[in-house]
Amino acid sequence: MSTLNTLIQGVLLGGLYALYAVGLALIFGVMRLVNLAHGDFIVLGAFVMLGLGMAIGVPAPVALVIALPFMFALGWGLQRLVLNRTLENDLLVPLLVTFGLSIIIQNGLLQIFSADSRRLTLGALETASYSFGGVSVGVVPLLTFVVAVAVVAGLSFLFYRTSLGRTLRATSDSLPVVELMGVDPRKVFATAMGISFLVITVSAFFMGVRANFDPSAGPSRLLYAFEAVVIGGLGSFWGTLAGGIILGIAQAVGGSISPAYQQLAGHLVFLAVILFRPRGLLPKAG
Amino acid sequence: MTALLETCGLDVFYGDFQALFGVDVAAEEGETVAIIGANGAGKSSFMAALSGLTHSRAEQILLEGSPVGGMTAFDMVKRGISLVPEGRRLFPSLSVEENLLMGAHGRTTDRGWSLDAVYALFPVLKERRHQPAPSLSGGQQQMVAIGRALMANPRVLLCDEISLGLAPPVIRDVYAALGEVRRRATTVIIVEQDLGAALKASDRIYCFMEGRVCLSGKPSDLSRDAIRRAYFGG
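Chains as they are written, first to last, in our numbering: chain A, 98 to 383; chain B, 21 to 254.
None of these hints come from the bench; they were simulated from the model. Source: prediction; values computed, not measured. Check each hint, because a few of them may be wrong.
What the hints assert, rightly or not - A few chain B residues facing chain A, derived, Cβ under 10 Å:
1. 38
2. 75
3. 98
4. 171
In this text, a Cβ means the ideal position worked out from N, Cα and C, and glycines have one as well.
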């Protein structure tokens, strides 16, 4: 029974990692940009919601709803004003710029909120759980997983069933040809970054209610996101969800042996995938 | 009479390398103009400049007399200049219909080109509209590339090497479709290696050599010999 419990906890944890990862995968897929500040933007999103709670006293779910359009605008503006200027045939420039953003965000948050650990609170819901057959499942982890599946389904719908998604896939295929279609790629990129920031905000919410966070928590979120993307491959958002789940299960199994092995087990699975299936479980065709 | 599309002393550079030297080409409304010449003569550079893919000075390209040189590719499409790129360049992860719909982004006026009109022009594409673009034959992919450019409802259709790698009967089909495009008073500029196809399809030809126009005129006024000399030099 405890094995089943470990597996379930791992799958649910994987939902959170998938939320971290799909925003990163979206941006890499559309514009070949590795956003090294991705994890820091997740932490920033959590602090925005925390700050909204402190400033106007709204509960965390309301803060999430308020933060979503703000974060979309932040992502859109970041792309239009900063990152679009870095995308000129050189992979190093966007890496350096997002690395710099990562440092700026961490230190900015440190100045404003200090290094204390924080949490977003959901009241009684935080400790509520369902029990069945000796397995106990927390409501918040379950909700995280359900939302992760919904986000992946929503992004898949957007990508494969809408006009915007068609443009995003075409941009991923060939940037110069998209321009020949009359599409301004700078606007497409800004929209993609805005969508990525919506996902960032949702993942920030669940990160904040599931665990403590502080201004330096970003890079490890980026690492989990990155590992989930690589394990899943770049073929579809469902692959990223699978990558997150595998990473979550590996960590849960490692953690059940010894808490010291939780992180290590995740990294070992990541390395094993790089060794034996370098294009990931569900690679992009062609 | 002003030409619909005109280049005036068009120069194109790639870094220090100059590909075109003061090229003057004009195309009237509804006219089909063929650009011929050997490999490296500058034909593709000419198309790249007209479609906004390479930079040129504003006043070196005129559309209805107003300068459009140096505009981005997406602005050129919106002005009504649409390119069928060499090698087709379809979006491989999109279906046939999705490829065609991408072309509609550049549409600013209605000249009668819609999905239905493109399917009427190329009925085979309607049967295969949900297939991935790379699963089509070369000729069918070329039809998608032409249809996609037409979806922008262009005033000027640029066709870069549309017969390259196609079997002769397929080339005939593709050029038959261009005939329909011309009947809608769309100006067509084709770059063509196949001299016979170019002479048959065009109202006027320009022969390029080493980045310059070395011969131009109506196909009927030019002797085969003169064209061959211009084409191969000597």
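Verification of the hints:
The closest approach between the C-beta of residue 38 of chain B and any C-beta of chain A is roughly 22 Å, which is over the 10 Å cut-off, so the hint fails. Evaluation of the residue 75 of chain B hint against chain A yields a violated restraint, the C-beta minimum of about 13 Å exceeding 10 Å. This hint holds: residue 98 of chain B has a C-beta 5 Å from the nearest C-beta of chain A, less than the 10 Å allowed. Interface restraint check: residue 171 of chain B against chain A, minimum CB-CB distance 9 Å, threshold 10 Å, status holds.
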